[in-house]
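Trainee: Residue numbers (my numbering), protein chains in the order written: chain A, 1 to 250; chain B, 1 to 181.
Wrong hints could be hidden among the right ones.
[To be verified] Distance condition first, Cα-Cα at most 30 Å in a straight line; then the derived DSSO-like pairs of lysine-lysine:
#, chain 1, residue 1, chain 2, residue 2
1, B, K82, B, K173
2, A, K47, B, K173
3, B, K173, A, K188
[Said to hold, decoys possible] Ranges between beta-carbon positions, derived for each pair:
#, chain 1, residue 1, chain 2, residue 2, range
4, B, A149, A, R199, 17 to 25 Å
5, B, I152, A, A127, 26 to 34 Å
6, A, V123, B, D15, 49 to 57 Å
7, A, K250, B, D122, 47 to 55 Å
8, A, T141, B, A149, 44 to 52 Å
9, A, A61, B, D112, 25 to 33 Å
10, A, D198, B, I152, 38 to 46 Å
11, A, Q35, B, D122, 24 to 32 Å
The hints are simulated quantities; they were obtained by calculation from the structure and are not laboratory data. Think of the CB as a built atom: it goes at the ideal place given N, C-alpha and C, for glycine as much as any other residue.
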Amino acid sequence: MACDQWRGKLDAYVDGELDSAEVNQFGAHLRSCPQCAADALARLQMKRSVQRAGNRYQASAQLRERIAKSVASKPSRQAGSLWKILAVPALSVLVLSLAVNLYIGREAARRQRLYSELADLHVAALASAAPVDVVSTDRHTVKPWFQGKIPFSFNLPELQGSEFTLLGGRVTYLAQTPGAHLIYQVRKHEVSVFIFQDRGDDTASLSSGPVHALSFNVENWTQNGLRYFVVGDVGADDIQALSKLLRDAK
Amino acid sequence: MKEPPDRLSAATFEDLAMPLFDQLYNLARWLTQDTAEADDLVQETYAKALRGFSSFQTGTNFRAWMYRILRNSFLSSRTGLKVMVPLDGEADETLLPIEGATPESILIETADRETVQQALTDLPVHFREILLLCEVEEMSYQEIAETLAIPIGTVMSRLYRARRALRELLQKKKQGNRHGL
Chain A
1 MACDQWRGKL DAYVDGELDS AEVNQFGAHL RSCPQCAADA LARLQMKRSV QRAGNRYQAS
61 AQLRERIAKS VASKPSRQAG SLWKILAVPA LSVLVLSLAV NLYIGREAAR RQRLYSELAD
121 LHVAALASAA PVDVVSTDRH TVKPWFQGKI PFSFNLPELQ GSEFTLLGGR VTYLAQTPGA
181 HLIYQVRKHE VSVFIFQDRG DDTASLSSGP VHALSFNVEN WTQNGLRYFV VGDVGADDIQ
241 ALSKLLRDAK
Chain B
1 MKEPPDRLSA ATFEDLAMPL FDQLYNLARW LTQDTAEADD LVQETYAKAL RGFSSFQTGT
61 NFRAWMYRIL RNSFLSSRTG LKVMVPLDGE ADETLLPIEG ATPESILIET ADRETVQQAL
121 TDLPVHFREI LLLCEVEEMS YQEIAETLAI PIGTVMSRLY RARRALRELL QKKKQGNRHG
181 L
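Produce the complete structure using the sequences and hints provided.
Mentor: Okay, here's the thing in structure tokens:
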């Protein structure tokens, strides 16, 4: 019954068009309704696919230059010929710095998008009725389960003597690439570990190292052609400890 | 020769307009489906916007204003006149039909970038346009309404129908591929 009230608002929800009260109510409904949750997730995925597919075309450098020149603030005529001599290098510095700014801006946006996507995967898994598809604390059960499901293999650490427990794993997708999503627990907090193939694309553009994004702590690095992300709402120390265990895994 | 725009407003226009260059080009290219036409369209947009900048009201949405100029230029171009289909009864569809479960979630997850791009290309231009504004430009419904000069209710119903059309196209492609195997 509650569904009827919300189904028509699913799009508005994923588009971020509901007010905060409605978002909270909707959130509560999603936690109790796997069907709406799955639907919301599907819509979100579709949104992301279109976003990725839609960023497609790049203008030629000539066009950019031509337009930048045509809209550049023109020096006043009285300034004389000195201006003309200076104007060309000044303009190219301007165009260059503009290009650099745009590039940096795009990179930042891409990083932000990637982190929020990872955070979403983490949250979506925890919110779902079955967070993991292979439920086991035993790395010798979890690792072989992934065989044939993802196109690579990885090593999981021995957790004896650490504060971490393995809860299980599931197959996940990031930027249309399949990967492993492992969930660990430390002091009642869940931490997600994502492992993808390093394809030298989007994910590779990230610099390794710890980040604090969207109130999650994230660590990421590349090792043996694999890209690792550790995401959780625990402190940076715990994230680092788990990252170290994973790095040293044999 | 006419007096050039005073330096302050020219500088402001440049500062506001150049950061939009990449996005505007991307949209122009999606609308026209042609490199040369996209170049012309972006150039025309900047020229018109610079000329009309004095009529832009500070405090209102500059991005929506630029997109509106781009779009109007496109619509009055030869390609634009051909592709834009008039929409009838769209505003009446504000009450959205309820959809069933979405088993296509798996499909979307695995649809690759090129397939989605092809599907976007195949969509009618008014659907393609609103999807790009919403997903790629991440405009709010309000901003889309301003850009397209349509009421918010129409934004919602058009967006809804655009997404449904895209899902159907992707589904079709997926089935086609499967039969092709």
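Trainee: The structure should be examined with respect to each hint, and the outcome stated for every one.
Mentor: Verification of the supplied hints:
Distance restraint check for K82 (chain B) and K173 (chain B): the Cα-Cα separation of roughly 26 Å lies within the 30 Å cut-off, and the hinted pair is therefore satisfied. Proposed proximity of K47 (chain A) and K173 (chain B) is supported: the alpha carbons are some 18 Å apart, at most 30 Å. Straight-line distance between C-alpha atoms of K173 (chain B) and K188 (chain A) comes to about 44 Å, which puts the hinted pair past the 30 Å bound. Checked against the hint of 17 to 25 Å, the pair A149 (chain B) and R199 (chain A) fails, with Cβ atoms roughly 42 Å apart.
At roughly 30 Å, the beta carbons of I152 (chain B) and A127 (chain A) sit within the given window of 26 to 34 Å. Under the hint 49 to 57 Å, the C-beta atoms of V123 (chain A) and D15 (chain B), about 38 Å apart, miss the expected range. The given range of 47 to 55 Å is respected by K250 (chain A) and D122 (chain B), whose C-beta atoms sit roughly 50 Å from each other. About 59 Å separates the C-beta atoms of T141 (chain A) and A149 (chain B), a value inconsistent with the hinted range of 44 to 52 Å.
At about 29 Å, the beta-carbon gap between A61 (chain A) and D112 (chain B) stays in the expected band of 25 to 33 Å. Separation of D198 (chain A) from I152 (chain B) is about 43 Å and conforms to the stated range, judged on CB atoms against 38 to 46 Å. At about 30 Å, the beta-carbon gap between Q35 (chain A) and D122 (chain B) stays in the expected band of 24 to 32 Å.
Hint check: violations occur at hints 3, 4, 6 and 8; the rest are consistent with the structure.
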